[in-house]
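There are 2 protein chains.
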Amino acid sequence: MIDKELERSSDAHWRTALPHVSVDCVVFGFSNSSLNVLILKIKNEKNWILPGGYVFKDESLDDAAKRVLFERSGAERIFLNVFGVFGDINRSENYFAAYKDDLWHKQRFITVGYYALVDQTNVTPIPDSFSESCEWVSINQLPTMVMDHELILKKALKTLREQLSYKPIGYNLMPKTFTMPELQSLYETILGQKLNRGNFYRKIMRYDILIKLDEPRKGGAHKAPHLYRFDEEKYKKALNELSW
Amino acid sequence: MIDKELERSSDAHWRTALPHVSVDCVVFGFSNSSLNVLILKIKNEKNWILPGGYVFKDESLDDAAKRVLFERSGAERIFLNVFGVFGDINRSENYFAAYKDDLWHKQRFITVGYYALVDQTNVTPIPDSFSESCEWVSINQLPTMVMDHELILKKALKTLREQLSYKPIGYNLMPKTFTMPELQSLYETILGQKLNRGNFYRKIMRYDILIKLDEPRKGGAHKAPHLYRFDEEKYKKALNELSW
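Order-wise, the sequence lines are chains D and Y. Counting from 941, one number per residue, gives the positions in the first sequence under my numbering. Counting from 941, one number per residue, gives the positions in the second sequence under my numbering.
Treat the hints with care, as some may be off.
Note that the list lumps identical chains together, so a pair holds whenever it fits in one copy or between two copies.
Stated by the list, open to error - SDA-like mimics (lysine to any residue), calculated; alpha carbons at most 20 Å apart, straight line:
no., residue 1, residue 2
1, Lys1098, Lys1176
2, Lys1095, Asn1180
3, Lys1174, Ser949
4, Lys997, Asp1028
5, Lys997, Asp1059
6, Lys1174, Ser1105
7, Lys997, Arg1048
8, Lys1098, Ser973
9, Lys1098, Leu1020
10, Lys1107, Asn1180
11, Lys997, Asn1034
12, Lys1134, Glu1181
13, Lys997, Arg1031
14, Lys983, Met1120
15, Lys1116, Lys1176
16, Lys1152, His1166
17, Lys981, Glu1072
18, Lys1176, Tyr1147
19, Lys997, Ala1037
20, Lys1107, Glu1181
21, Lys1095, Ser1000
22, Lys1098, Tyr1175
23, Lys997, Ile1029
Since the hints were made in silico from the structure, they are not lab data.
Produce the entire structure from the sequences given, and follow the hints as far as they go.
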């Protein structure tokens, strides 16, 4: 990062943002049987970073997360949820210790972790002025991350896995129509383990959120697999229902 | 609240705590078929408040939550988990607006919500110097709460209910030994709805966390019900397992 640019941004931050609070976003996407996460490579810095930033004095925390994600990555209209807060001493202070005159970045930040599931095809990653790239990277091939960002990312993944066990997932991640093996592949990728086909079918059907289409997928296979799509209304209902 | 006391605490806060960040604790207890929460009544204030406070410059966020809960309520060695963050504009600023010279309390606070499940018999509520009482109150008979504390409490309850659908609950809430109807009563109280006895039995047994005792409960009933206790090791394992 260029010192001068950092200093300028530091001044602006003191005027406009709340000290000590930041947000970091973990955005998951699914593509070609791979669970990916949106991360940035800062200029002149060898490690990668989550899209993150500060909270303006005149915006809510949730709005800050949305804005930060958009500014850093170009991702818009994304529904973000808090999954954790990271507030250890020296989690951020040490990282910027070298920048002696930059009091903004050197303060202690408690960061709020937001996560989202998105259709990768709807997001065109755009790096901000501090970053040389913004990319989808497989969670199985993560580069070294700055500060505690790997820990933050892993906590988000744990939350996603837990959510999978009591809520349907897939509406934002799957294409409009899909086969049962494709949906199972999403679940297996998130969980990082193979699932029994019969069990998966029974459990998914119990949610009652799928509509079986009359037409199988065209072309290709000898015996074309059935296509499904989500029943939006039932899906939304299932999200709010408890399984007891 | 007495102005002078508030002012003194305000000065101390600026020296020792991080501005803009606070913690609030929602501590659930279970007693006589009632799900209760630990809340405080501030002196000279008609509404109730969650045990909450600020984060010292030299302590982690998690440690702050533990300390605050102990100072406000006397509750010690409680395992707290983050369930949400509340960061709307004016959620706290308006509340202290009347205290014109108290800049600490009038700043914008983003509060981190922590929740815990405890055995009520292990907690002896002790009010701090600002409070006239600290009590277990049934979630069905909550008094009016200050600021957004009712919202915070409801979000904690929602999290608890969600947790119930994919993790066992009860280890910290039930006495050492209990009957199946007693455990079912805990689940029903948290969910706020009756459950089918057979379904409950099957689902609980699937966790494989209970040990059936040889001796039924002594005295009383014509046909004494079986007693159970939790298998600590299996219970801990089940907490970390995913049901897919």
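Going down the list of hints, with the structure as the test:
Taking identical chains as interchangeable, the C-alpha atoms of Lys1098 and Lys1176 lie at most 20 Å apart only when they sit on different chains, with a minimum of 17 Å there against 22 Å within one chain. Proximity of Lys1095 and Asn1180 under a CA criterion of 20 Å is satisfied inter-copy only: 13 Å between copies versus 23 Å inside one chain copy. Neither within a single protomer nor between protomers do Lys1174 and Ser949 lie at most 20 Å apart by alpha-carbon distance, with minima of 46 Å and 52 Å respectively. For the identical chains of this complex, Lys997 and Asp1028 are inter-copy neighbours only, at 11 Å across copies versus 23 Å inside a copy, given an alpha-carbon limit of 20 Å.
Neither within a single protomer nor between protomers do Lys997 and Asp1059 lie at most 20 Å apart by alpha-carbon distance, with minima of 31 Å and 40 Å respectively. In this homomeric assembly, Lys1174 and Ser1105 come within 20 Å of each other (Cα to Cα) both inside a single copy, at 18 Å, and across copies, at 19 Å. Proximity of Lys997 and Arg1048 under a CA criterion of 20 Å is satisfied in both settings, with 18 Å inside one chain copy and 8 Å between copies. Proximity of Lys1098 and Ser973 under a CA criterion of 20 Å is satisfied intra-copy only: 19 Å inside one chain copy versus 33 Å between copies.
Taking the closest pair of Cα atoms, Lys1098 and Leu1020 come within 20 Å of each other both inside a single copy (16 Å) and across two copies (18 Å). In this assembly of identical chains, the alpha carbons of Lys1107 and Asn1180 lie at most 20 Å apart whether taken from the same copy (8 Å) or from different copies (17 Å). Proximity of Lys997 and Asn1034 under a CA criterion of 20 Å is satisfied inter-copy only: 15 Å between copies versus 25 Å inside one chain copy. In this homomeric assembly, Lys1134 and Glu1181 come within 20 Å of each other (Cα to Cα) only across copies, at 15 Å, whereas the closest approach inside a single copy is 26 Å.
With identical chains, the CA atoms of Lys997 and Arg1031 are at most 20 Å apart between copies only, with a shortest distance of 13 Å across copies and 23 Å within one. Proximity of Lys983 and Met1120 under a CA criterion of 20 Å is satisfied in neither setting, with 42 Å inside one chain copy and 60 Å between copies. Taking CA atoms no more than 20 Å apart as the test, Lys1116 paired with Lys1176 passes inside one copy only; the shortest distance there is 16 Å, against 40 Å between copies. In the homo-oligomer, the alpha carbons of Lys1152 and His1166 lie at most 20 Å apart inside one protomer (7 Å), although the nearest pairing across protomers, at 46 Å, exceeds that limit.
For the identical chains of this complex, Lys981 and Glu1072 are intra-copy neighbours only, at 6 Å inside a copy versus 53 Å across copies, given an alpha-carbon limit of 20 Å. Within a single copy, Lys1176 and Tyr1147 get their C-alpha atoms as close as 11 Å, which meets the 20 Å cut-off; across copies the closest is 28 Å, which misses it. Within a single copy, Lys997 and Ala1037 get their C-alpha atoms only as close as 25 Å, which misses the 20 Å cut-off; across copies the closest is 17 Å, which meets it. Proximity of Lys1107 and Glu1181 under a CA criterion of 20 Å is satisfied in both settings, with 8 Å inside one chain copy and 16 Å between copies.
Within a single copy, Lys1095 and Ser1000 get their C-alpha atoms only as close as 23 Å, which misses the 20 Å cut-off; across copies the closest is 18 Å, which meets it. Taking the shortest Cα distances, Lys1098 and Tyr1175 sit within 20 Å of each other only across copies (19 Å), while inside one copy they are farther apart (22 Å). Proximity of Lys997 and Ile1029 under a CA criterion of 20 Å is satisfied inter-copy only: 8 Å between copies versus 24 Å inside one chain copy.
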